[in-house]
Amino acid sequence: MTTVYKKSKGLTDVEMHFCPGCTHGTIHKLVAEVLVELDVLDRSVGVVPVGCSALSYDYFNCDMQQASHGRAPAVATGIKRVNPDLVTWTYQGDGDLASIGTAEIIHAAHRGEKITTIFVNNAIYGMTGGQMAPTTLIGQKTTTSPLGRTVEHSGMPLRVSEMLATIDGAKFVERVSVDTPANIRKTKKAIKKAFELQISGEGFGIVEILSTCPTNWGLTPVDAIKWLQDNMIEYYPLGNLRTPEEAK
Amino acid sequence: MAKGKVMFNVDICKGCELCVLACPVDIITMDDSMINKNGFHPATVKEMDKCIACGNCAITCPDSVISVERI
Amino acid sequence: MAKVLMKGNEAIAEAAIRGGCKYFFGYPITPQNELPEYMSRELPKNDGVFLQAESEVAAINMVYGAAGAGGRVMTSSSSPGIALKQEGITYIAGANLPCVIVNIVRGGPGLGGIQPAQSDYFQSVKGGGNGDYSMPVFAPANLQEMVDIMMEAFDIADYYRNPVMVIGDGMIGQMMEPIEFNKPEPRELPVKDWITNGTKGERKPNIINSLFLDAQDLEDHNLEAVTKYEAMRANETRVEVFNMENPEIVLTAYGTTSRICKNAIMALKEEGIEVGLIRPITIWPFPDQAFEDIPESAKGILVVEMSQGQMIEDVKIANNGRLPIGFHGRSGGMIPDPKDIIAKVKEMIGGAK
Chain C
14 MTTVYKKSKG LTDVEMHFCP GCTHGTIHKL VAEVLVELDV LDRSVGVVPV
64 GCSALSYDYF NCDMQQASHG RAPAVATGIK RVNPDLVTWT YQGDGDLASI
114 GTAEIIHAAH RGEKITTIFV NNAIYGMTGG QMAPTTLIGQ KTTTSPLGRT
164 VEHSGMPLRV SEMLATIDGA KFVERVSVDT PANIRKTKKA IKKAFELQIS
214 GEGFGIVEIL STCPTNWGLT PVDAIKWLQD NMIEYYPLGN LRTPEEAK
Chain H
4 MAKGKVMFNV DICKGCELCV LACPVDIITM DDSMINKNGF HPATVKEMDK
54 CIACGNCAIT CPDSVISVER I
Chain G
27 MAKVLMKGNE AIAEAAIRGG CKYFFGYPIT PQNELPEYMS RELPKNDGVF
77 LQAESEVAAI NMVYGAAGAG GRVMTSSSSP GIALKQEGIT YIAGANLPCV
127 IVNIVRGGPG LGGIQPAQSD YFQSVKGGGN GDYSMPVFAP ANLQEMVDIM
177 MEAFDIADYY RNPVMVIGDG MIGQMMEPIE FNKPEPRELP VKDWITNGTK
227 GERKPNIINS LFLDAQDLED HNLEAVTKYE AMRANETRVE VFNMENPEIV
277 LTAYGTTSRI CKNAIMALKE EGIEVGLIRP ITIWPFPDQA FEDIPESAKG
327 ILVVEMSQGQ MIEDVKIANN GRLPIGFHGR SGGMIPDPKD IIAKVKEMIG
377 GAK
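Protein chains in written order, with the working numbering: chain C, 14 to 261; chain H, 4 to 74; chain G, 27 to 379.
Possibly wrong hints are sitting among the right ones.
To be verified - Below 30 Å or equal to it, Euclidean Cα-Cα: the simulated BS3-like pairs (lysine-lysine) are:
1. K154/C <-> K19/C
2. K48/G <-> K209/G
3. K202/C <-> K230/G
4. K230/G <-> K206/C
5. K209/G <-> K19/C
6. K53/H <-> K239/C
7. K209/G <-> K206/C
8. K40/H <-> K202/C
9. K154/C <-> K22/C
10. K226/G <-> K202/C
11. K288/G <-> K29/G
12. K19/C <-> K49/H
13. K209/G <-> K29/G
14. K49/H <-> K6/H
15. K261/C <-> K8/H
16. K40/H <-> K22/C
17. K40/H <-> K205/C
18. K202/C <-> K8/H
19. K22/C <-> K53/H
20. K254/G <-> K295/G
21. K40/H <-> K199/C
22. K206/C <-> K49/H
23. K230/G <-> K209/G
24. K372/G <-> K40/H
25. K152/G <-> K342/G
26. K8/H <-> K53/H
27. K205/C <-> K49/H
28. K202/C <-> K6/H
29. K230/G <-> K295/G
30. K8/H <-> K239/C
31. K152/G <-> K254/G
32. K40/H <-> K19/C
33. K365/G <-> K205/C
34. K19/C <-> K230/G
35. K49/H <-> K8/H
36. K199/C <-> K19/C
37. K370/G <-> K288/G
38. K48/G <-> K71/G
39. K205/C <-> K230/G
In case anyone wonders, no lab produced these hints; they're calculated from the structure.
Construct the complete structure from the given sequences, taking the supplied hints into account.
What follows is the structure, given as C-alpha cells:
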C-alpha cells in the first residue's frame with residue numbers, strides 16, 4: 014500500500030470554519046503541501062487578511078500574522094525586511110486585495126518584495142455576507158448590487174493579474190482555477206513556482222485563483238463550480254501572464 | 004480488483020459533494036443512512052473495488068476528509 | 027561628551043538609531059521629512075533597513091509586520107499622516123507589539139497647515155484608533171529632552187510590548203539646539219519568544235493577532251492589557267513642576283508652549299507675582315498627582331495650549347473641581363505670546379480677588 018493522498022502536515026488539526034464546498038479549504042491544502050514539499054514550513058510566516066480567511070492563522074502549521082484589511086503585503090514587507098530568510102506569504106481575498114488593498118499589492122510588486130501572494134478570487138465579499146467586489150461580474154447580483162452589476166454604475170470587473178503583469182517587479186503572475194482536479198493540480202504547480210521564486214531570491218510572485226462562494230452566490234457547491242466554469246473563466250482567462258524569463 | 008482504498012474522516016465532512024463531482028468512476032455517494040456530528044450526510048464509497056486510486060476526491064476535498072492509498 | 031548642534035528632525039532620527047532602532051518605515055509629510063531622509067542615509071550604515079512606503083497606512087502596517095518579526099522599528103509622520111495610521115496603531119496595540127511612533131504635530135483639522143500646533147492631544151491619548159488601548163505618549167519640550175526620550179523609547183516599547191508615541195511640533199522638528207546623546211538607564215527586557223521568526227521545527231507556531239471573536243476571550247485579552255497600562259501609570263508618568271512653592275496661579279502646558287510659559291513666569295516674578303508651572307512630560311499617563319499636590323496658595327489653573335483646548339479636559343479631571351480653570355490657546359500655527367499669558371494670569375488673579 015502506498016499513500017496517494019493524506020492530510021498535509023502543513024495544516025493544523027483545527028477544524029476549518031469555511032462553508033461546505035468553499036474552495037478556501039482546497040487552496041489552504043495546496044499552500045500547506047507546497048510549503049512542506051519545499052521544506053520551508055519551519056521558516057515561513059503567513060499573513061492572513063480580513064475576510065473569510067481571517068481565522069486561517071489557526072489552520073497553518075507555521076508562524077502567522079493577522080493583518081488589517083488590504084494591508085497584508087505591507088505587513089509581509091515588514092516581516093521580510095526584518096528577516097529575509099523567512100519565506101513570507103500573504104493569503105488574500107478579492108475584497109482585501111482588489112478593493113481596499115490595491116495600493117499595497119501594487120507597491121509590493123513594484124518594489125519587487127520577495128514575497129508570495131495567494132489571491133483567492135470569488136467575485137464577491139464572502140465574510141461580510143455577499144456584497145459586490147471589484148471583481149464581481151457584470152449582471153451578477155450581490156447584496157450591494159441587487160439588480161446586478163452594471164458598467165454604468167460600477168465599471169467593468171477588475172482584472173488584477175493583467176494589471177500586475179505590467180509591473181516590472183512582478184516576476185511571476187499566473188491565474189489558475191480550482192474547479193476541477195486537473196486545474197487543482199495546475200494551481201499547486203503555480204503556487205510551487207511562485208514560492209520557488211521567493212526562495213531563489215528572484216522576486217515577487219502572485220497566483221490568482223478563481224474560486225467559488227457557494228453561500229453568497231446562492232448555489233450548491235457543485236452548482237457553484239459550474240457557475241465558475243460558465244462565467245468566470247471567460248472573463249478571467251487562465252494562464253501564465255508573467256514568468257521570470259519574460260521579466261528579464 | 005480494486006486499485007485503491009479511500010478512507011473518510013466522517014466527522015468533519017460537510018456534505019459539499021465536490022468529491023462526488025471529482026470522482027472519474029462515480030463511486031462516491033452521500034451516506035443518507037447517517038448524519039455526522041456536524042449534521043451532514045458524509046461522503047462514502049460503497050463500491051471500493053472500482054476505485055482507481057486517482058486521488059481526485061482527496062485533492063478536491065476542501066476539508067482534508069479523504070485519504071487515499073494505492074493497493 | 028561634547029555637544030553637537032543638530033536640526034531637530036535629524037537629531038530625533040540619530041537618537042532613534044542610537045536607541046536601537048533598526049527599521050524605519052515612513053512617508054514624506056511636512057514638517058518631518060528630514061527624519062526619514064536622515065534614516066535613509068544613516069540606517070543602512072548601522073545595519074538597519076529604511077523603506078519609504080507607499081502611504082502612511084502602508085508604513086504603519088510594515089511596522090506591524092516588522093515588530094511581529096522581532097524588529098526594533100519606528101515610523102514618523104505629522105498629524106494628518108498620524109490620522110491615517112490610527113487603524114495600524116490599534117492593531118499594534120491589540121496584538122501587543124512594540125514600536126515607536128513619532129508625530130511632529132502641525133495645525134489641523136484636515137490638511138490644516140504646516141506650522142506648529144498641539145491639536146493632536148485627543149488623537150494621541152484618547153484612542154485615536156478604535157477599542158480600549160493606551161500607549162505612553164511623551165511630549166518633550168526641547169531637543170535634548172526629545173533626544174533623551176528617543177534613546178529610551180525602544181526599550182520602553184519592548185518592556186511593555188506596546189506602541190510608544192513621542193510628539194513634538196514643527197518648532198522642535200526644525201530648530202537647531204546643542205544636544206548630547208546620553209545612554210539611558212538600561213532596562214531588563216523580556217526575551218522575545220513570541221515573534222514570528224520561523225518555528226525551526228522546535229516550537230509551536232507563534233501567531234501575531236488582535237482578533238478574538240469569543241467575547242470572553244476578548245474581554246480577558248483586554249483585562250491583561252489593563253495590567254500593562256496600570257504598570258505604565260505607576261512607572262512611566264513624568265512631569266516637571268516649576269516654581270511651585272507658593273504660586274498664586276498654576277500654568278499647565280506641555281512641549282514648546284511650556285517654554286513660553288516659563289518666560290511669562292519669570293516676567294511675572296519680576297512684578298512680584300508668583301506663578302508656577304506643571305509641565306506634563308508624559309501626556310499619557312497624565313500626571314494627576316502633580317495637580318493633587320498643588321499648594322493651598324493657588325487660586326486657579328491656567329491651561330495654555332496651541333489648540334482650541336484639548337489637554338484642558340484632563341486637567342479638569344485631575345483638578346477634580348478644586349480650583350477654577352482658565353484657558354489660553356492659539357491655533358493654526360500661531361504661537362502664544364507671553365504678554366497674553368501674563369494678561370490672562372492677571373485677569374484670573376483679579377477675578378479671584
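For each hint, the structure was consulted:
| no. | hint | in the structure |
| --- | --- | --- |
| 1 | K154/C <-> K19/C | 38 Å, violated |
| 2 | K48/G <-> K209/G | 17 Å, holds |
| 3 | K202/C <-> K230/G | 28 Å, holds |
| 4 | K230/G <-> K206/C | 27 Å, holds |
| 5 | K209/G <-> K19/C | 57 Å, violated |
| 6 | K53/H <-> K239/C | 26 Å, holds |
| 7 | K209/G <-> K206/C | 49 Å, violated |
| 8 | K40/H <-> K202/C | 35 Å, violated |
| 9 | K154/C <-> K22/C | 39 Å, violated |
| 10 | K226/G <-> K202/C | 25 Å, holds |
| 11 | K288/G <-> K29/G | 24 Å, holds |
| 12 | K19/C <-> K49/H | 20 Å, holds |
| 13 | K209/G <-> K29/G | 14 Å, holds |
| 14 | K49/H <-> K6/H | 15 Å, holds |
| 15 | K261/C <-> K8/H | 47 Å, violated |
| 16 | K40/H <-> K22/C | 24 Å, holds |
| 17 | K40/H <-> K205/C | 35 Å, violated |
| 18 | K202/C <-> K8/H | 26 Å, holds |
| 19 | K22/C <-> K53/H | 29 Å, holds |
| 20 | K254/G <-> K295/G | 42 Å, violated |
| 21 | K40/H <-> K199/C | 34 Å, violated |
| 22 | K206/C <-> K49/H | 38 Å, violated |
| 23 | K230/G <-> K209/G | 37 Å, violated |
| 24 | K372/G <-> K40/H | 79 Å, violated |
| 25 | K152/G <-> K342/G | 15 Å, holds |
| 26 | K8/H <-> K53/H | 10 Å, holds |
| 27 | K205/C <-> K49/H | 35 Å, violated |
| 28 | K202/C <-> K6/H | 26 Å, holds |
| 29 | K230/G <-> K295/G | 65 Å, violated |
| 30 | K8/H <-> K239/C | 28 Å, holds |
| 31 | K152/G <-> K254/G | 17 Å, holds |
| 32 | K40/H <-> K19/C | 22 Å, holds |
| 33 | K365/G <-> K205/C | 71 Å, violated |
| 34 | K19/C <-> K230/G | 22 Å, holds |
| 35 | K49/H <-> K8/H | 11 Å, holds |
| 36 | K199/C <-> K19/C | 19 Å, holds |
| 37 | K370/G <-> K288/G | 15 Å, holds |
| 38 | K48/G <-> K71/G | 10 Å, holds |
| 39 | K205/C <-> K230/G | 24 Å, holds |
When held up to the earlier numbered hints, the structure conflicts with 1, 5, 7, 8, 9, 15, 17, 20, 21, 22, 23, 24, 27, 29 and 33 and fits the remainder.
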